[in-house]
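Colleague: Use the sequences and the hints to build the structure in full.
These protein sequence lines map, in sequence, to chains A and B.
Heads up, the first sequence is in our numbering, so the first residue is 1 and it goes up one at a time.
Heads up, the second sequence is in our numbering, so the first residue is 1 and it goes up one at a time.
It is worth saying that the hints were derived from the structure and are not from the lab.
Each hint should be verified, as a subset may be incorrect.
Taking CB as the label site, the calculated pair distances span [as the list claims (entries may be wrong)]:
id, chain 1, residue 1, chain 2, residue 2, range
1, B, ARG225, A, PRO128, 56 to 64 Å
2, B, PRO369, A, GLU124, 44 to 52 Å
3, B, ALA259, A, GLU109, 48 to 56 Å
Under 7 Å between C-beta atoms, here's a sample of chain B residues computed to sit facing chain A [stated by the list, open to error]:
id, residue
4, GLU192
5, HIS359
6, PRO366
7, LEU416
8, ALA424
9, GLY425
10, ARG428
11, GLY457
12, ALA461
13, ALA464
14, ALA465
15, MET471
16, ARG472
17, PRO476
Every residue gets a Cβ at the ideal spot worked out from N, C-alpha and C, and that includes glycine.
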Amino acid sequence: MTQFEAQIEGQPVEAVSDVRFELDDPATGIGRLVRGASAIPVIVEGTGSDRVVTIRGRRIAVTVRSWRERILAEAERAAASHSGPFAVTATLPGLIVGVAATVGDEVDEGESLVTIEAMKMQNEVRAPRAGRVIEVSVEPGQTVATGAALLRLE
Amino acid sequence: MRTDTRRPPFERLLIANRGEIAVRVIRACRELGISPVAVHSDADVGALHVRLADASQRIGPPSPAESYLSIEAILDAARRSGAEAIHPGYGFLSENADFARAVTDAGLTFVGPPAETLAALGNKLAARRGAESAGVPIVPGTTVAVDDDHAEVSAVGYPLMLKAAAGGGGRGMRRVDTPDSLEEALVAARREAVSAFGDGTVYAERLLAPARHVEVQLLGDRHGRLAVLGERDCSIQRRHQKLVEETPSPAVDASTRAALFDSARRVAGTVDFHNAATVEFLLDAERQHYFLEMNTRLQVEHGVTEMAIGIDIVAWQIRVAAGDELPDDMLEPAPRGHAIEVRLYAEDPYADFQPSAGHLTAWRLPDGPGVRVDAGVEADTVLRSEYDPLLAKLMVHAEDRAAAVDRLRRALDETLIGGVQTDAGFLRWLVDRPQFISGAYDTGFIGEHWPTGQRLGSEEASLAAAAAIAMRSMEPTSRGASRPTAAEGSAWGRSGRIEARRG
Numbered sequence: 001m002t003q004f005e006a007q008i009e010g011q012p013v014e015a016v017s018d019v020r021f022e023l024d025d026p027a028t029g030i031g032r033l034v035r036g037a038s039a040i041p042v043i044v045e046g047t048g049s050d051r052v053v054t055i056r057g058r059r060i061a062v063t064v065r066s067w068r069e070r071i072l073a074e075a076e077r078a079a080a081s082h083s084g085p086f087a088v089t090a091t092l093p094g095l096i097v098g099v100a101a102t103v104g105d106e107v108d109e110g111e112s113l114v115t116i117e118a119m120k121m122q123n124e125v126r127a128p129r130a131g132r133v134i135e136v137s138v139e140p141g142q143t144v145a146t147g148a149a150l151l152r153l154e
Numbered sequence: 001m002r003t004d005t006r007r008p009p010f011e012r013l014l015i016a017n018r019g020e021i022a023v024r025v026i027r028a029c030r031e032l033g034i035s036p037v038a039v040h041s042d043a044d045v046g047a048l049h050v051r052l053a054d055a056s057q058r059i060g061p062p063s064p065a066e067s068y069l070s071i072e073a074i075l076d077a078a079r080r081s082g083a084e085a086i087h088p089g090y091g092f093l094s095e096n097a098d099f100a101r102a103v104t105d106a107g108l109t110f111v112g113p114p115a116e117t118l119a120a121l122g123n124k125l126a127a128r129r130g131a132e133s134a135g136v137p138i139v140p141g142t143t144v145a146v147d148d149d150h151a152e153v154s155a156v157g158y159p160l161m162l163k164a165a166a167g168g169g170g171r172g173m174r175r176v177d178t179p180d181s182l183e184e185a186l187v188a189a190r191r192e193a194v195s196a197f198g199d200g201t202v203y204a205e206r207l208l209a210p211a212r213h214v215e216v217q218l219l220g221d222r223h224g225r226l227a228v229l230g231e232r233d234c235s236i237q238r239r240h241q242k243l244v245e246e247t248p249s250p251a252v253d254a255s256t257r258a259a260l261f262d263s264a265r266r267v268a269g270t271v272d273f274h275n276a277a278t279v280e281f282l283l284d285a286e287r288q289h290y291f292l293e294m295n296t297r298l299q300v301e302h303g304v305t306e307m308a309i310g311i312d313i314v315a316w317q318i319r320v321a322a323g324d325e326l327p328d329d330m331l332e333p334a335p336r337g338h339a340i341e342v343r344l345y346a347e348d349p350y351a352d353f354q355p356s357a358g359h360l361t362a363w364r365l366p367d368g369p370g371v372r373v374d375a376g377v378e379a380d381t382v383l384r385s386e387y388d389p390l391l392a393k394l395m396v397h398a399e400d401r402a403a404a405v406d407r408l409r410r411a412l413d414e415t416l417i418g419g420v421q422t423d424a425g426f427l428r429w430l431v432d433r434p435q436f437i438s439g440a441y442d443t444g445f446i447g448e449h450w451p452t453g454q455r456l457g458s459e460e461a462s463l464a465a466a467a468a469i470a471m472r473s474m475e476p477t478s479r480g481a482s483r484p485t486a487a488e489g490s491a492w493g494r495s496g497r498i499e500a501r502r503g
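Modeller: Here it is as structure tokens:
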């Protein structure tokens, strides 16, 4: 039987040992963590090593891997961590109402690049670090989902 | 006046809205014997409100400007369906005077105050002047628009709030702490006001803090009778928008209540008023109240008033629109017990309450004594970023405030929503806070106690780890491969329970 280990936000987390998990609804992942005389309702979603556990209304992303899977993933990440062009993505879904950046601009860290309107609030997407704009993929009037690529910096 | 009030007020009524409020109005129609007609954009073809209505008219593409905000499309839908009246819900066209006028010009009944009243109170600056002249205290600030040299702003004092004259509902607002940040905030507030309301007029109010947001529910008939249906405390807010509402207000005593009701009546007296409206006030630490604005529509939070007073505000909106008279015992009814509402939003409270889109997988809402859920979604609903992220309103009613808080905690523990982060995590945290339990909170509560959300505790982290490991251990060995969860359902069912293992 494979032994699994858990990570949350990149940090190893020791699982509580004295609880029993009961899965009540396989279709949605609704179940209970039973600990002594009390039970905590939870939802467990996801597949493979990527899981999301909802406890008391909070969604917690948990990476569940065997030792072998973790070593492989860490080696892959080390190989990919050289610096290079990277995408700036939408942090929330909404309507693009302004694009301040144009291709060729040198931008500073924290500089406003794109304005996204959601719920009639305007939110600035800022440069995560300094760089040069090499591609702009959105224009005002366009609707974007969370994670959509807005532009690329190098 | 209608003579036979047992007959339905209308035969067919069109609901110019979507989501939970459309469902709410449909339910009132059913109880009154009215045939409800829904409208839908292309994004809402199979939505809950569409399926609960007798019929639904397509009004355009997903973009609100081309569908739920299109006066022409809504009027077309009303004509095609043969509706005699239109209920606008809240948001969208509900406070739009041009819409109300177009509805009555088309020979239909608008379920709301007269168009002239919407126009008069829709201009928040004009409403401030009106309230002031009626002897109602207003939040100190400008009663004229802030112009480019903004000379009048220096007299207001800092910190201050810039607000859109055409705004409301917390939109188009900017806090300004120092004179040197005024210019930038003014530009931003105007831009936001133009894009949201098509009008960049901005005024300034001194920031009152600490303060509570307390509002008075009004209901008027077409015969000059005005019912004052108690107050609501809506002080738990993020981005100046409400998350929790309760009635009665824990901060209001009998004399404050009498003063609030008197001011609310005076503000309503400045206009030709019938149907439902809410007069909003700020209450300072000395229990002095200051007029903020009057909303000429049904409020999101009307349900707590319904539970505490025991009337159906939406049904009465429709009845007074048809000419029914308010009965004597409804004019100033006393509340029974205490009611609290929390709004379940598709918003991430751990990321500054930003909206979260996605697919609702699990959707299990509470039930049982004293619990009411008004929802506009159900399991498998796909949430779209075009629309308001309100998923449902969870309301509880109990004999007193302490019992209502206990009931709310129980109801939140029964709430299981999967697929998207909601504000339920914040709400569950809130009901255990001493300030909330005692009722001693103000509008600064979230900023002060939940500035960036709570860090994940080690207890919850290790419980989450246990659940995730147990789940993966139950599944057939796949060594990291991704599999659709549905295909594994039967295998999980067979495994039943297993012990969580450590890695």
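Colleague: Would you mind marking each hint as holding or not holding in the structure?
Modeller: Each hint tested on the structure:
{"no.": "1", "hint": "B:ARG225 - A:PRO128: 56 to 64 Å", "result": "holds, 60 Å"}
{"no.": "2", "hint": "B:PRO369 - A:GLU124: 44 to 52 Å", "result": "holds, 47 Å"}
{"no.": "3", "hint": "B:ALA259 - A:GLU109: 48 to 56 Å", "result": "holds, 52 Å"}
{"no.": "4", "hint": "GLU192", "result": "holds, 6 Å"}
{"no.": "5", "hint": "HIS359", "result": "violated, 10 Å"}
{"no.": "6", "hint": "PRO366", "result": "violated, 11 Å"}
{"no.": "7", "hint": "LEU416", "result": "holds, 6 Å"}
{"no.": "8", "hint": "ALA424", "result": "holds, 3 Å"}
{"no.": "9", "hint": "GLY425", "result": "holds, 4 Å"}
{"no.": "10", "hint": "ARG428", "result": "holds, 5 Å"}
{"no.": "11", "hint": "GLY457", "result": "violated, 10 Å"}
{"no.": "12", "hint": "ALA461", "result": "holds, 5 Å"}
{"no.": "13", "hint": "ALA464", "result": "holds, 4 Å"}
{"no.": "14", "hint": "ALA465", "result": "holds, 4 Å"}
{"no.": "15", "hint": "MET471", "result": "holds, 4 Å"}
{"no.": "16", "hint": "ARG472", "result": "holds, 5 Å"}
{"no.": "17", "hint": "PRO476", "result": "violated, 11 Å"}
The structure does not agree with the numbered hints 5, 6, 11 and 17 stated previously, though it agrees with the rest.
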